[in-house]
Structures are given as structure tokens and as C-alpha cells.
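Chemist: Single-letter residue listing:
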Amino acid sequence: MQVVVQLFSVLKECLPSTARRGQVTISLLENDELTLEKLIAKLGLDRRLGVSADNFAVLSAWQVLVNGHSQVDMSLHLRDGDLVQIFPPMAGG
Amino acid sequence: MNRIRGGYVGRCLHVDLSDGSLRTERLDENFARLYIGGRGFTARMQYDLIAPTVDPLGPDNVFIIAPGPLTGTPVASTSRFTVGARSPLTGILGDANSGGMWGAVLKRAGYDMVVLRGRAPNPVYLWIDGDQVAVRDARHLWGMDTRQTWDTLKAELGRAVSIACIGPAGENLVRFSGLVENTEHVAARSGMGTVLGSKNVKALAVRGTGAVPLTEPGAFKELSDQLAEILRKDKRSSSELLEYGTTYLMNHHGAIGCLNTNNYTGGDFAGQDDIDGDALNESYFVKATACYRCPCRCDRYSEVTEGEYAGTKVGGPEYATVAAFGSGCGNSNLASILKANELCNLYGLDSIETGNLVAFSMELYERGIITDSDTGNLQLTWGNHQSMVKLVEQIAYRQGFGDVLADGIVAATKKIGRNSERYAVHVKGMTPPGPDARAIKVYNFRYAVSPRGADHLRISAPGAYGLDSIPLVEAAEKLRFWEGIVTLPDLMGLCKFPYSYFAETVERTLTKMMEILPRLYTAATGLQTTAEDLLTAAERVNNVERAHNVRLGLSADADTMPPRFTEDRIPSGPSKGAIYDILEPMKVAWYRVHGWDEVSGHPRREKLVELGLADLAADLEERGISLT
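Order-wise, the sequence lines are chains A and B.
Here the first sequence is numbered in this note's numbering, starting from 1 and rising by one per residue.
Here the second sequence is numbered in this note's numbering, starting from 1 and rising by one per residue.
Everything labelled a hint here was simulated from the structure, so no lab data went into it.
Quick caveat: nothing in here was measured; it's all calculated off a predicted structure.
The beta carbon of each residue, even a glycine, is placed where N, CA and C say it ideally should be.
Treat the hints with care, as some may be off.
Said to hold, decoys possible - Between beta-carbon pairs, the in silico distance windows are:
hint	chain 1	residue 1	chain 2	residue 2	range
1	B	148	A	42	56 to 62 Å
2	B	588	A	72	24 to 30 Å
3	A	72	B	626	41 to 47 Å
4	A	16	B	242	21 to 27 Å
5	B	239	A	32	31 to 37 Å
6	A	72	B	130	52 to 58 Å
7	A	16	B	606	55 to 61 Å
8	A	32	B	221	43 to 49 Å
9	A	55	B	5	44 to 50 Å
10	B	510	A	55	14 to 20 Å
To be verified - Computed cross-link-like contacts, DSBU-like style, restricted to lysine-lysine with a CA-CA straight-line distance of at most 35 Å:
hint	chain 1	residue 1	chain 2	residue 2
11	A	38	B	313
12	B	233	A	42
13	B	478	A	12
14	B	576	A	12
15	B	313	A	12
16	B	235	A	12
Said to hold, decoys possible - Some residues of chain B that are not near chain A, with every Cβ distance over 10 Å (derived):
hint	residue
17	26
18	47
19	218
20	236
21	239
22	374
23	604
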């Protein structure tokens with residue numbers, strides 16, 4: 001199972017060194033379960049912004065999109081091929 | 001009794017260009033309280049001084065310049081000023097905003113507002129040297145580009161002078177010309193430079209050495225330090241802007257699939273990596289520069305040193321310019337984008353409008369709607385950057401096919417005919433700045449309702465990319481609240497970026513805007529206020545602007561989206577299949593949360609009265625415009 005993660009703005013600091021242009025592919029074993037909460041904790045995004053991973057989107061107001069759709073429920077189970085994008089609260093433009 | 005003791009400097013300068021007469025008036029305290037400054041002043045003055053029948057390029061149009069009460073004060077990012085006049089591009093409310101140094105120097109010269117009326121018989125420039133003001137002969141400057149004008153006036157007037165001027169495009173009455181400061185900062189949108197050109201005003205030169213007075217300097221300093229600490233600690237304001245300026249947005253919009261591509265036919269651009277912020281930093285970026293007292297330094301300065309565009313030196317680019325001349329034109333040659341940007345700054349053109357018009361022409365050419373016989377053998381194929389650069393020059397000097405485009409996109413469709421309007425991406429005659437509305441629908445509804453056309457600067461909100469996922473009325477209410485927040489910097493003379501946009505958390509933004517800003521205003525001016533008072537002032541200004549256009553005959557049917565967004569689906573990329581299908585329900589929701597009539601879109605009488613605008617309600621009704 002693979003999930004593609006794109007992080008923007010200061011959260012790019014949390015990406016592993018294998019990331020290219022703000023994007024990294026996270027690979028998991030077939031039977032592993034990955035929720036948004038676990039992904040956020042795995043990358044340390046919760047610690048970077050000082051909010052808990054289980055309510056990350058609401059508490060941080062960062063925009064969490066899964067396959068282009070906004071998500072506030074961090075218990076969402078990610079599926080193979082999902083694209084997770086996390087944008088800053090207010091982007092301008 | 002006037003209780004203003006600072007922030008405002010207390011004087012408004014009125015200039016009649018027809019006879020060169022000058023007078024100075026005291027700033028009215030009640031006017032200041034109601035409209036705060038900047039865009040608030042230009043909005044209300046446009047309503048009061050510009051009758052509905054006034055020709056935007058005629059002598060009766062009035063050009064209003066307004067910094068804000070915090071412009072030029074010793075706190076972060078206090079550079080901004082607004083210029084307003086009836087727009088020659090759209091025929092409705094017009095204004096544009098700029099940073100740089102000029103606005104702060106005008107305040108330090110002792111003026112809260114400058115009003116230009118009439119038309120000078122010959123080219124002139126306005127010379128404000130503190131209390132000494134003169135309308136001077138500018139025949140020797142006419143025809144110069146903005147850099148030559150800057151250099152010439154600097155040599156004549158001395159070093160401590162700030163100069164804003166028009167270029168050849170403004171002189172030639174190209175209807176999307178801007179006012180340019182130091183060839184870098186442009187009050188670009190809606191043709192404000194064109195209005196100056198029509199008045200024979202080449203430049204506005206200012207020397208101001210005074211300090212803007214503060215009522216409570218100690219309290220002001222304390223608040224300024226608090227703000228500086230927030231900006232310093234927050235990496236979005238302290239380092240992201242420094243590293244990328246606004247060019248970071250290309251990656252956002254590419255990732256979502258809303259990047260203007262080939263005149264908004266697509267939402268993702270194959271050449272994005274060649275023109276984004278990283279590409280700029282790796283190739284042509286030289287240094288970051290700053291506006292007056294700004295710690296963020298988002299301005300770019302770039303140079304091209306080799307290849308066919310060698311010698312290009314430009315204050316820029318901004319993201320919207322790269323989108324317009326880059327992905328919008330199917331062009332991945334970054335050096336050519338910088339060249340087009342440089343030419344826009346030198347000629348005094350709005351780079352967004354100009355780039356979008358080139359892209360529009362390319363689509364018509366590719367579709368065979370226009371041919372070499374229309375373009376004078378300019379081959380306007382996608383990505384043909386040589387033709388693109390040439391067309392920028394032709395627009396500025398109204399040569400060849402450029403003259404067809406020089407009156408704006410609506411006029412161009414009328415000149416060309418052949419169903420070209422189907423491919424014209426605009427609202428109310430002004431083209432959008434980059435994001436494709438089909439991919440982020442609720443957020444980009446702002447294009448439909450902005451009073452000056454397809455505008456990105458009046459409405460923004462946290463979580464903007466996710467607004468399509470929540471109920472429409474809830475989303476509309478969120479946008480309405482944040483419309484107020486992002487209006488406040490325009491009124492105060494502040495930059496939106498450090499104050500209302502760039503923070504790692506919304507909490508920090510709200511601390512800046514709701515807690516620190518009202519106290520800064522009070523410490524500067526001596527006028528007691530609250531965050532709620534300021535948000536009411538913002539709502540008042542937005543309603544004055546709405547009423548202005550209603551008086552000109554605009555109703556709900558003018559709040560629209562182009563057929564490109566409502567009839568064509570995004571063909572590929574992350575937002576493949578998206579179409580703008582929320583226009584009508586969003587309009588109803590928007591009007592409802594604003595207290596406007598849900599059918600006509602006019603502000604309700606009750607809403608205008610509540611905001612202290614009973615006189616506007618009476619004026620509209622006297623003119624036979626029904627208010628519910």
C-alpha cells in the first residue's frame with residue numbers, strides 16, 4: 001500500500017530527506033492500517049504545530065485534503081493510492 | 001471638536017488640474033471614523049464625487065489617493081496606499097493598492113488624502129514637498145518609460161524623493177495601465193494609470209520628512225514590539241515570504257489542479273516546474289527587497305544574464321504575473337516571463353491583465369478565430385514567448401494587434417467578433433489573477449462579486465481550499481467574516497501579507513487583527529475603537545462599493561462567471577471534470593449573509609441604515625433603484 005503526501009509551507013520541514021519538491025510516497029505493508037491521525041503523528045506534523053494529531057485539522061486550521069476533498073475527521077482510514085495534501089490555513093492568492 | 005491626535009496627519013489636498021489651483025482641507029473626524037482610510041476613503045469619495053454619467057477618461061473623473069491612518073507609522077509593513085477612480089477598464093468602481101515607499105512618504109509629507117480633478121492642458125507632474133505643492137510642467141517626461149521618468153525626476157528633485165508615475169501605456173490610454181513606483185511596485189488593477197494619463201498627469205513626486213504623530217507613543221511601541229515578535233516567531237511571515245515571495249502559490253495551485261493553463265482551458269501545466277518559485281530561485285532570483293518597514297521582504301528582484309532575454313532586470317515576479325505570462329500562455333520559458341514583467345513595469349501595464357489578454361489571443365489564434373492577417377503575422381501559438389513579448393510592446397504603444405487589445409478584453413471581443421467572447425475569461429470586464437474558479441469554487445466566488453471585476457484581493461479565508469466540502473451557507477458566512485478581516489489592512493494602510501494572511505495558525509492571525517490592530521489604531525489616533533467597530537467599518541466600505549455599482553445599474557446578473565468556468569469542464573489533472581456549478585446557490589447564500597436582497601443583489605435599505613449609510617439608501621431610491 002502506498003500513500004502520496006504533499007506538504008506545503010513550513011510543514012515541508014517535517015518531510016523525510018527522500019522527499020522531492022514537497023512530496024513523498026509512504027509505503028506500508030499490505031496489512032498495515034494508516035489513518036490520517038497516524039500519518040500526521042508519523043511525520044511529526046502535530047508536534048511541529050503544537051496540536052494533537054487526533055484533531056489536527058480543526059485545532060491547527062491547516063487544510064487537510066484527501067484526494068482533493070477537505071477532511072476534518074482524522075480517524076479516516078487511508079487507502080492505497082490516496083493523495084494527502086496539507087496546506088497552510090490562509091494561503092493568499 | 002476634532003479629537004484626532006495622531007495616525008492621521010489631518011490634511012487633504014485638493015488639486016484642480018484644469019487651472020492648477022490647490023487647496024488644503026482638514027480631515028473630518030467623523031469621515032475618518034466611518035471609513036478609516038485607504039480604500040475606505042477612495043470608496044466613499046468615489047460615491048460622492050463621481051456622478052454616474054462621468055466618462056472614466058473625461059475630465060470629470062476624480063482621482064483619489066489615500067494612504068491609511070497607520071501608513072508611515074513606526075510599526076511593521078505600513079507602506080500601503082490606495083488610488084481610486086472610475087475604472088476605464090470596467091466602467092464601474094475602480095481602485096488599486098500598492099506598497100513600496102511612496103504612500104509612507106506622502107503621509108510624512110503631511111497628507112491623508114489627495115484628490116485630483118479636471119484635466120491639465122499639457123503634461124504635468126504633481127510635486128508635493130511637505131507644505132509646498134506645485135503642478136509642474138512634465139512635457140519633457142512625456143513618452144518616457146517609468147525607469148527613465150524615475151531617473152529624470154530624481155536628478156531634478158533630489159534623492160529623498162519618492163516618485164510614482166505612469167508609463168507610455170498610461171499616456172496612450174491603454175485601459176489597464178497602472179501607477180508605478182520605482183519601476184517595481186505597481187498599483188496595477190482596473191486602469192488607474194490610464195485615468196492619470198487622461199488627466200495629463202505623468203507623475204506624482206513627494207518629499208516628506210516629518211514623522212506621523214502618535215497619540216500614545218509608548219503604547220504604540222509596546223504593541224509594535226508584540227507584533228514584531230509574532231512576525232519573527234512565525235516562519236510563514238519570517239522566512240517563507242523571504243524565500244519565495246508569492247511564487248510559492250504555483251505549487252499550491254498546481255497540486256490542486258487550479259493553475260491557469262492556456263487561457264484557463266486547463267488546471268495543470270506540464271511546464272510548472274520550470275517556472276515555479278524553486279525554478280526562479282535556482283536561476284534568476286538575485287535578492288529579496290522590502291517595502292516601508294516590512295520585515296517580511298517578499299519582493300523579488302531578478303535578472304537574466306544570458307540567452308535571448310539577457311539584460312532583463314525586474315522587480316518581480318509575483319505569482320500572478322508568472323501564471324498570466326507563463327502557464328496561462330502555455331509558456332515554460334521563465335526568462336521570457338521576466339522580460340514581459342519588466343516591460344509591463346516599464347510601460348506601466350497591469351501584468352495580470354496584459355498576460356491574460358495575450359493568452360486570450362493565443363487561444364483565438366490556435367482556434368483559427370484570428371489569423372496572421374489579424375495579428376500582423378505575429379504567430380500566437382501556445383508558448384510562443386517571442387510573440388508574447390512583442391505583443392506586450394504592441395499593447396503599450398497601441399500598435400498592430402496590440403491596439404485591438406488595448407481597450408480591455410470586452411472591447412477586444414467586440415472588435416474581433418466571430419464569437420470570440422466565448423473564450424474571454426473575465427467578470428465585469430476584468431480578468432482573474434491565476435486560480436481557476438472551477439477547482440476551488442466557493443473561494444473563487446470572489447471573482448463574481450468583487451466590485452472591480454474578477455478580483456482576488458478583497459476576499460480570502462482560512463481553509464479556503466476546503467470550503468467546497470462544507471454546507472454552502474456555512475461557507476458563505478465564513479467567507480463573509482474573513483472578507484471583513486482582509487478588508488482592514490486596505491483601510492489601515494497595512495499590507496495584508498504579514499497582518500491577515502501569513503501565519504502558521506489562525507489564532508495568530510486573529511491575535512494580530514482582532515487584538516493588536518484595534519489597539520494600534522487607538523494608540524495612533526486617539527480614537528477609541530474595538531475589533532467589532534473596525535469590522536463594522538469594513539462592512540460599511542464593502543456596502544458603499546456595492547451601492548456604487550448598484551447606482552451605475554449593476555444588479556445580481558452582473559455577479560457572474562465566464563462560460564469557460566460554467567460550461568467547460570477542466571479536461572485533465574487533479575481537478576479533471578470540475579465545472580463551476582454553484583453560481584446561483586452561492587449568490588443567494590452570499591446575498592443572504594450580507595443582508596442584501598436575494599433577487600436583485602442590492603443592499604437592503606435596513607442594512608444601509610444600520611451601517612450609517614441612510615444617505616446612500618435615499619440617493620439610490622431617489623434615482624428609482626428599488627431597495628427592499
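Chemist: Now tell me if each hint is right for this structure.
Modeler: Checked hints:
About 58 Å separates the C-beta atoms of residue 148 (chain B) and residue 42 (chain A), a value consistent with the hinted range of 56 to 62 Å. Between residue 588 (chain B) and residue 72 (chain A) the beta carbons are some 26 Å apart, a value that agrees with the proposed interval 24 to 30 Å. Checked against the hint of 41 to 47 Å, the C-beta distance between residue 72 (chain A) and residue 626 (chain B) comes to roughly 42 Å, which is consistent with it. Residue 16 (chain A) and residue 242 (chain B) have their C-beta atoms about 25 Å apart, which keeps the hinted 21 to 27 Å range intact.
The beta-carbon spacing between residue 239 (chain B) and residue 32 (chain A), approximately 35 Å, falls within the hinted interval of 31 to 37 Å. In this structure, residue 72 (chain A) and residue 130 (chain B) meet the distance hint of 52 to 58 Å, their C-beta atoms being roughly 55 Å apart. One distance hint, 55 to 61 Å for the beta-carbon pair residue 16 (chain A) and residue 606 (chain B), holds here, with the actual separation near 57 Å. In this structure the hint that residue 32 (chain A) and residue 221 (chain B) lie 43 to 49 Å apart at CB is violated, the actual value being about 55 Å.
As the Cβ distance of residue 55 (chain A) to residue 5 (chain B) is approximately 46 Å, the hint placing it in 44 to 50 Å holds. Between residue 510 (chain B) and residue 55 (chain A) the Cβ separation comes to about 18 Å, which falls inside the hinted range of 14 to 20 Å. At most 35 Å may separate the alpha-carbon atoms for a hinted pair to count; residue 38 (chain A) and residue 313 (chain B) exceed this at roughly 48 Å. This hinted pair checks out: residue 233 (chain B) and residue 42 (chain A) have alpha carbons roughly 25 Å apart, not beyond 35 Å.
About 27 Å separates the Cα atoms of residue 478 (chain B) and residue 12 (chain A), which keeps this hinted pair within 35 Å; it holds. Taking the CA atoms of residue 576 (chain B) and residue 12 (chain A), the gap is about 26 Å. The hint holds against a cut of 35 Å. For the proposed pair residue 313 (chain B) and residue 12 (chain A), the alpha carbon gap of about 31 Å is at most 35 Å, so the pair holds. Our distance criterion of 35 Å between C-alpha atoms is met by residue 235 (chain B) and residue 12 (chain A), whose separation comes to about 12 Å.
The beta carbon of residue 26 (chain B) sits about 37 Å from the closest Cβ of chain A, which is more than 10 Å, so the claim that it is off the interface holds. Here residue 47 (chain B) stays apart from chain A, with its beta-carbon at least about 29 Å from theirs, past the 10 Å limit. The claim that residue 218 (chain B) lies off the interface holds: its Cβ sits roughly 32 Å from the closest Cβ of chain A, which is beyond the 10 Å cut-off. The Cβ of residue 236 (chain B) does not lie farther than 10 Å from every Cβ of chain A; its closest approach is about 6 Å, which violates its non-interface assignment.
A Cβ of chain A approaches the Cβ of residue 239 (chain B) within 10 Å, the least distance being about 8 Å, so the stated non-interface status is violated. The claim that residue 374 (chain B) is not at the interface with chain A holds, since no C-beta of that chain comes within 10 Å of its own (minimum 33 Å). The beta carbon of residue 604 (chain B) sits about 30 Å from the closest Cβ of chain A, which is more than 10 Å, so the claim that it is off the interface holds.
Hint violations for this structure: numbers 8, 11, 20 and 21, all remaining hints satisfied.
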